[in-house]
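K.L.:
So you can see what is in the structure, the chains are spelled out below.
2 protein chains.
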Amino acid sequence: MKKLKRSSRLVDMTYFLLQHPHEVISLTHFSERYQAAKSSISEDLVIIKEMFEDEGYGALLTIPGASGGVKYMPRMNKDEAETLVHQLVLDLNKPERILPGGYLYMMDVLGNPKLLHEVGRLFAAALYDKEIDAVMTVATKGIPLAYAVGQHLGVPVSIVRRDHRITEGSMVSINYASGSSDRIQTMTLARRSLAAGSKVFIVDDFMKAGGTIRGMVDLLAEFDADLVGIGVLVEAAEVSERLVDDYVSLTKLTNVDAREKQIELLSGNILDRLH
Amino acid sequence: MKKLKRSSRLVDMTYFLLQHPHEVISLTHFSERYQAAKSSISEDLVIIKEMFEDEGYGALLTIPGASGGVKYMPRMNKDEAETLVHQLVLDLNKPERILPGGYLYMMDVLGNPKLLHEVGRLFAAALYDKEIDAVMTVATKGIPLAYAVGQHLGVPVSIVRRDHRITEGSMVSINYASGSSDRIQTMTLARRSLAAGSKVFIVDDFMKAGGTIRGMVDLLAEFDADLVGIGVLVEAAEVSERLVDDYVSLTKLTNVDAREKQIELLSGNILDRLH
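Residue numbers (the numbering used here), protein chains in the order written: chain A, 549 to 823; chain B, 549 to 823.
In isolation and in its complexed conformation, chain A is listed as follows:
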């Protein structure tokens, strides 16, 4: 790269930091990349830090020491989080979304990468201070969500399977009770998918009694992995017996009546969990 002026450096550094969330980038890296003095790089980073923090894009942490540098940590400020949650509520709170069994049609939301990118940032913001090694979800509808969260956290995604169509080599399976239906089902994850000791955040699109998520928690134990947290896009609130207690939800389905075509969906608990 040819030697750049500050204005050009700022553009490139912004791009670079956004591609490397939760990674420590040394000042030396930038200094060599742009053939600029470390003092100039430091000044550049002050400008970026100020903009990122003023606009709520995230924090730019300075890590001192020889193996130090800067680390971009995506966040979201309360105003923007409220706006996003309210947008989701407005979008999801529609009778035409009601499916048999009290589920909601959400494939338009889950299939919207731009919206999910912001949803992922919101979850990442709530996990701001936690050490996370992987995001876990179960196929199929949780996958876009897990991917969006994993992107902001800079960590891989483990996709738990419910079918046995194609083997992925040595598999770990557990049986779980899908709480809503009392059926015993099986979930499977390739042994090589998740390292022992991994700190894992579990996400899913919809949680009713929590049987599926409970299954994933049990599966984590089989991998000697640690549960850091649980996040769902929608929690169905009218459930007498919940198998999962501590989780973050973006929205809450408080009432759904397929016959009367009535639905009531509100904000979830996420806004209380933001820093």
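Derived by calculation from the structure, the hints in this document are not laboratory data. The beta carbon of each residue, even a glycine, is placed where N, CA and C say it ideally should be. There could be a bad hint or two in this list.
As the list claims (entries may be wrong) - Straight-line distance between alpha carbons at most 30 Å, and here's what the computed DSSO-like set of lysine-lysine pairs gives: (1) B:K619 to A:K553; (2) B:K551 to A:K662; (3) B:K642 to A:K662; (4) A:K550 to B:K747; (5) A:K551 to B:K662; (6) A:K626 to B:K747; (7) A:K662 to B:K809; (8) A:K619 to B:K551; (9) B:K597 to A:K551; (10) B:K586 to A:K747; (11) B:K597 to A:K619; (12) B:K619 to A:K662; (13) B:K619 to A:K551; (14) B:K662 to A:K626; (15) A:K597 to B:K597; (16) B:K662 to A:K586; (17) A:K586 to A:K551; (18) A:K626 to A:K642; (19) A:K626 to B:K550; (20) B:K642 to B:K809; (21) B:K553 to A:K626; (22) A:K586 to B:K678; (23) B:K553 to A:K662; (24) B:K747 to A:K642; (25) B:K586 to A:K662; (26) B:K551 to A:K597; (27) A:K800 to A:K597; (28) A:K551 to B:K553; (29) B:K809 to A:K642; (30) B:K662 to A:K550.
To be verified - Only some residues are given here: those of chain B computed to face chain A with a beta carbon under 7 Å: (31) S555; (32) T562; (33) I573; (34) I691.
With chain A's structure known, arrange chain B on it following the hints.
P.N.:
Coordinates of chain B only, in the frame set by chain A:
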């Protein structure tokens, strides 16, 4: 937002453009956002355009006229594309990845959001001049890929299902022959998932005889949608009869022998398809 200096504006505009690929952003939008003259904004954009194009992040197209502005279109230059493809080849070309039936274990690659983000950009770069309304894939392993491509193209993702566990309302189903196994299978997409007339790019992780992709092409016809292109992460090359002719592949599996634990994987045809 308070009135910003050029250096701060450049950071915010870079962030903003990266969140809005393939969207026309008017100069007025930026001018109002930063309380800056349009002439200043134009100068800012020249700086960003130069950096984006020099580094191969993408093009910043100027659209003239009243409803004009700028549009960020992610691209990748040939050098970076070659490096990425070679990295994928090195990564995938390992005997321990071989699965029964000549398939490859790829969940570590598919579950790596950072790597997939670059893979998505590479596909988007190959589709640079095409008008695309949606990306389609079939659950499960194609989903992270489709999401990454959709993100760079700024379009939604349609996920075709192979199971019938949960209904998504009115569904469209077609039967297809999974070429590798000669079994008749069913694939399904919710009617409301895809608008008629949509221009669709189909992606999948692995293509052998192309039966699954052929099925998705047939499904497109049921939606009166148009096929723009097909992209796969891995094509298995030793197939006598291919059901799909025109596609883009990042890598090509030229030989796989589960018993001898031998594998040969090379670059696909993507590098010839880049502009």
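K.L.:
K809 of chain B and K642 of chain A were given as a pair; does the straight-line alpha-carbon distance stay at or below 30 Å?
P.N.:
Cα-Cα ~53 Å, so violated.
K.L.:
Given the hinted pair K586 of chain B and K747 of chain A, is their alpha-carbon gap at most 30 Å?
P.N.:
violated (48 Å)
K.L.:
When the nearest CB of chain A is found for T562 of chain B, is that gap smaller than 7 Å?
P.N.:
Holds, about 4 Å.
K.L.:
K626 of chain A and K550 of chain B: Cα distance at most 30 Å?
P.N.:
Within the cut-off at roughly 19 Å; holds.
K.L.:
Quick one, are K586 of chain A and K678 of chain B close enough, alpha carbons at most 30 Å?
P.N.:
violated (43 Å)
K.L.:
Taking 30 Å as the top limit, are the C-alpha atoms of K642 of chain B and K809 of chain B close enough?
P.N.:
holds (9 Å)
K.L.:
Does K662 of chain A sit within 30 Å of K642 of chain B, going by the straight-line distance between their CA atoms?
P.N.:
violated (34 Å)
K.L.:
Is K747 of chain B close enough to K642 of chain A, meaning Cα to Cα at most 30 Å?
P.N.:
holds (27 Å)
K.L.:
Tell me if the straight-line CA distance from K551 of chain B to K597 of chain A falls inside 30 Å.
P.N.:
holds (17 Å)
K.L.:
Decide if the proposed pair is consistent with the structure: K800 of chain A and K597 of chain A, CA atoms, cutoff 30 Å inclusive.
P.N.:
violated (34 Å)
K.L.:
Grab the minimum C-beta distance from I573 of chain B to chain A and call the hint holds if it beats 7 Å, violated otherwise.
P.N.:
violated (14 Å)
K.L.:
Given the hinted pair K586 of chain A and K551 of chain A, is their Cα-Cα distance within 30 Å?
P.N.:
Status holds; Cα separation ~14 Å.
The earlier numbered hints that this structure contradicts are 3, 4, 6, 7, 10, 22, 27, 29, 33.
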